[in-house]
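Given the structure of chain A, go ahead and fit chain B onto it with the hints provided.
Protein chains in written order, with my numbering: chain A, -12 to 233; chain B, -12 to 233.
No lab work stands behind these hints: they were computed from the structure.
Simulated DEER-style distance windows between Cβ atoms:
1. B:H172 <-> A:A218: 48 to 56 Å
2. A:R43 <-> B:D204: 39 to 47 Å
3. A:R43 <-> B:A80: 54 to 62 Å
In silico contact screen, one side only, chain B against chain A (beta carbon under 8 Å); selected entries:
4. H(-2)
5. V(-1)
6. Q2
7. R5
8. Y59
9. Y99
10. D100
11. V119
12. I122
13. I125
14. A130
15. I142
16. P145
17. H147
18. T149
19. T150
The model shown is predicted, which means the values in this text are computed figures rather than measured ones. Where is the CB? At the ideal position from N, CA and C, for every residue including glycine.
Protein chains: 2
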Amino acid sequence: MIGIGTGNPEHVTIQAIRALNTVDVVFALGKGQEKADLVALRRAICERYIEGRSYRFVEAQDPERDRDPADYGGTVEAWHAARAALYEALIAAELPEEGVGAILVWGDPSLYDSTLRIVDRIEARGRLPLAVRVIPGISSVQALAASHRIALNRIGAPIHITTGRQIAGGLPPDADSIVVMLDGHPRFDHLDPDLTIYWGAYLGSADEIVLSGRLGDVAGEIGRLRTEARARHGWIMDTYLLRRGD
Amino acid sequence: MIGIGTGNPEHVTIQAIRALNTVDVVFALGKGQEKADLVALRRAICERYIEGRSYRFVEAQDPERDRDPADYGGTVEAWHAARAALYEALIAAELPEEGVGAILVWGDPSLYDSTLRIVDRIEARGRLPLAVRVIPGISSVQALAASHRIALNRIGAPIHITTGRQIAGGLPPDADSIVVMLDGHPRFDHLDPDLTIYWGAYLGSADEIVLSGRLGDVAGEIGRLRTEARARHGWIMDTYLLRRGD
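So here's chain A without its partners, still in its complex pose (with noise of 0.2 Å):
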């Protein structure tokens, strides 16, 4: 499980393409616009990165997934159970034994990722013996930061990392740097517009947006370029940071 950074086909670590290049099997789930670009991403970087061997890169279809379910949880899991087994079948069918495998993970497998789930899942069913590797990447989060130039802490403060949907009642009282992921449908109008915002979409790619301000005054810009974006690329997806006090 390879961690390829977020879209900036230099974010890949030299471990990485030392992994890389131990590869029989590419696996890649795909749909849609979004998910073509991002299976797009790792062919691009597996030509770039791989030299003299011979690897197979197997394409398949992700598994239907509904954005924005009534039960989160329950949908959650069962499109958890759908994409294992259809991995498992995947690498039952193309991987030879003692065989080397890589799935390509967008950012960092750490971070709001299902992979080491689906993986763990395989695991359990027990039909498959697999030893697997995590290789840490660059995740959107590291990109905003850089490029912002800002730290994401306050000096010895902490850092909370969510998602749009746990801060759709409002912020965590006592945190001061929060980072939003995942914000399918990021609304600021029930927030403070006195919060300093820096915002980034596409990061480390070289379709990057980046933008910072009081929240109450750049509110409105970011969503018209989020507007704007999505339609010209058919799928966004952003990070940002929220502060209290800047």
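Chain B in isolation, oriented as in the chain A frame:
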């Protein structure tokens, strides 16, 4: 400002290597065994990855810092001011006009690292015209998660990243995944023994040690490992994740 990862020279990204190969001067502050080891790591990374380019490695003594000050804010403030003055003097003396200088940051520049704030201070003083670029690196938090093969978050749930100082009075009540960094004197006796801990020291390096389990069962062993490793290396840097209800 180049994030170089956590001690594994293979955590370096292609982006960092490309930046290293534009550098005229690498600045490093050292003092004591810990700093000496980290300066040696920086030298090794430069020697390994800078090719066909002449650069200088400028090392200076880091200002003294009280790690357990009575006045934390004031002490940090004074230490940042001293480091800013030192870096400013080094840059003015050592870097030619239009030259490219690098500061190699252990881990990622956005996470509990003072270098960005220090460079901001130098810019604010206005004596040296700087154009600053930040390159993200793999952090010890990501190396911890990779070695334990875990996601930092539970499905859809937040992550709280904090310091040993912040949890001295107990954990935040509503966080279920808490990453603790910079804990010079970890004591676990005030914490719920039913927490699960995923602990690691010297993460990413050849000396990496990791251990996980129910806190009440493994806290003693972690203490022994820490004491023994600190005596052997002369310093220790560890990071851990505490999880409720695993």
